[in-house]
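Chain A is fixed; fit chain B onto it per the hints.
The primary structure of each chain is shown beneath.
Number of protein chains: 2
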Amino acid sequence: MADKELRRVGIMSVGDMGAGFGDVLHQNGIEVYTCLDGRSDLTRLRAKEAGFKDTPDFDSLVSQIDLFISVLVPSEATQLAEDVAAAMIRTGAKPAYVDANAIAPQTVRKLEAIISDAGANFIDAGIIGGPPRTGYTPSIPCSGPDTAIFETFTNHALNVHKVGDAVGQASGLKMVYAASTKGTTALWTELLTAARILGLEDALRSHLGEGAVFAAQQRSIPMMPNRARRWVGEMEEIAATFEGVGMTPKMLLGAAEMYTLVGETPLADLTSRDPQPTLDEVIDALQHRLSP
Amino acid sequence: MADKELRRVGIMSVGDMGAGFGDVLHQNGIEVYTCLDGRSDLTRLRAKEAGFKDTPDFDSLVSQIDLFISVLVPSEATQLAEDVAAAMIRTGAKPAYVDANAIAPQTVRKLEAIISDAGANFIDAGIIGGPPRTGYTPSIPCSGPDTAIFETFTNHALNVHKVGDAVGQASGLKMVYAASTKGTTALWTELLTAARILGLEDALRSHLGEGAVFAAQQRSIPMMPNRARRWVGEMEEIAATFEGVGMTPKMLLGAAEMYTLVGETPLADLTSRDPQPTLDEVIDALQHRLSP
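Read top to bottom, the protein sequences are chains A and B. Position one of the first sequence corresponds to residue 2 (our numbering), numbered consecutively onward. Position one of the second sequence corresponds to residue 2 (our numbering), numbered consecutively onward.
Hints are computed from structural coordinates only; laboratory data are not their basis. Warning: the hint list may mix true and false statements.
Identical copies carry no separate label here, and so any pair may be met within one copy or between two of them.
Claimed, not checked - Below, a list of computed lysine to any residue pairs in the SDA-like style, where the Cα atoms sit at most 25 Å apart: (1) Lys-111 - Ile-198; (2) Lys-163 - Gly-210; (3) Lys-163 - Gly-200; (4) Lys-163 - Asp-203; (5) Lys-111 - Thr-79; (6) Lys-111 - Gly-165; (7) Lys-95 - Ile-150; (8) Lys-111 - Ser-292.
This is chain A alone, in the form it adopts within the complex (with noise of 0.2 Å):
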C-alpha cells in the first residue's frame, strides 16, 4: 500500500504510549485525531503538546481517519472497540482498527470479531518496549490477513513487523515476552522481599553471588514501581493466554497480586521525573506494607 494512503491516524489515549505514538507520527508527516470530550485539562494539554488535533466526537473522529489505533490499560480495550465500531456504524467510515494492547490472543479475537462486524480491517499488534519518542521506537509486531496499511509506519520512525497472518499472534507474542520480563521480576520481587522479612537477606545475597538472573533482577526491580499499577491487568491476560493453550494461569495471577502490592505502597506514586528508587527501597516498601 503506497505511503500516500495513510494520512490521518486516529489515538483515543492520550497516556504516555499513546502520548508517544502520536508525538513520533505527528514529527513524520501524519495527523493525530483525538477525541478530547470529557478529559480533563492536563490531558487536554499533553495532547497539544504532542500535536494532537481534537474532534468533537467518536463519529467524527472515524470519519476523518485512515487508520484507529487503541493502546490503553487492558480492561478498556473493548468497551473502546465497541464504542468505534458503534461510530463506524453511524458513520459508514471503516478506518483500519488497530489494537495495540497488552491483552490476551483470544480477547483480541473478541475484538476482531466486533470490528469486523462493523465492516473495518482490523489489526492485531503489540507494544515490546517503552512509548516511542524522537529517536526510538519499541518494536511493534503485527498480526493478521491485512495489516499492510499499518505496516506503512515504517515510513513513520516505528518499528512495524509483521509476525503472522492470525490475529492473535501479535498480542501472544507481548505476552509471552512480558511474562518473561514483568512475570520473572514479580517473582524475585517477593522472594527478595520474603528474604528481608524472614531475616536472611544476606544469607539469600551470598548464595545468589554474581548470578545472571539476580544481576538483571537488581536493575529490573527499581525501575518497576511506578508502573506496577498498570501491570496488574497485563499480567491477568497473561494468565489467561497461558490457560488459553492448557496451562495454568496461577503463576501470571500471582504475579499481578504482586504488582498489586506494590502498588499499595508510595511507591507507585513516583513519577517518571523522580528520582528512581533502590532495589533497598523497594523492598523496604513493601517490607512496610506487610509489617507496617
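Just chain B now, with coordinates in the frame of chain A:
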C-alpha cells in the same frame, strides 16, 4: 562440641540425597545407620554401597546414634518426625534431630514441637545444591538454639554453616533460594511452551536475544525434567512460606502445577545416567503432552 562426640549418624532415606550424605559421612569417619525394614532389594544394595549399617527398627536405630538426619520428600517429613519421636519416647534415647527437608518455616516449627516434646534437640537445616559426593558438598545452612553438634559436620567434608538462632531460618533460606532458581525455571518453561504452541518461538527468541536470564534458562530447563516430580511438593512449601509472610502463594502454586505437567511427560522418567534432553526436546514434550 568436640568432634569425638559425633560418631554415629542415622539417615532414613537412601534416595540420591540421603545416599550422598551417608556416603560422604561414611568416607569421612562417621558410622551411618539406617533401617531398611520393608525396603526393596535395590534400596538395600544402594544403602550397602553407601556404607549404611542396617538396624531392625526405629527403636534400635535411635538407640545407636548421636544425630538423626531427615532428608526426603516434603510430604513425608512430618510422619518421619512423629515416628522418630515415638521411638525416642519408647527407648529414652535422645539423639539430635536434624530436619534438612525443603519445607516451609511454619512446617519446620511444627516438627520442632514434635521432637522437643520427645525431649531431643531439634536443628533446622536446608540443602542448597546437589547431593554430596567425594569432592563436592552442597551449602548446608542450619539454624536453631543449639546447632553445635551438626556444625561438626564441617570436620567431615560437609559445608554446614549457621544462619541464625531461630528454627525456620535455615528452611526459609532454602525456600527463597529455591524460589529464585526453580521458580524462575517453571515460569520460563511455561512461557517458552506457550510461545511454541502459539507459533511464536522464533519471534520470541529474536526479542529475547542474548539476555542473561534467557541464557541461564537455556542451561537450567534441560536439567529439570527428571527432577520435576520431586519439585512439586517443594514448590508448594515455598508457596506456604510466602503466604506465611503475607504474600501471594499463587506464583509458586503455579510452579508446582508446571512441574506436575512436566512430570506427566516421558522425560520425567529419564535417569541421571541418560543423556540430558535439549531445551527443544523439553518444549516438544510439553507441547505433545498438551496437544497430543
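Tested hints:
1. Lys-111 - Ile-198: between (43 Å within a copy, 20 Å between copies)
2. Lys-163 - Gly-210: between (40 Å within a copy, 18 Å between copies)
3. Lys-163 - Gly-200: Answer is between; shortest inter-copy Cα gap is 13 Å, intra-copy 49 Å.
4. Lys-163 - Asp-203: between (46 Å within a copy, 13 Å between copies)
5. Lys-111 - Thr-79: within (8 Å within a copy, 50 Å between copies)
6. Lys-111 - Gly-165: within (18 Å within a copy, 55 Å between copies)
7. Lys-95 - Ile-150: Close inside one copy (13 Å), not across copies (79 Å); limit 25 Å.
8. Lys-111 - Ser-292: For Lys-111 and Ser-292, the Cα distance is within 25 Å only across copies (23 Å; inside one copy 42 Å).
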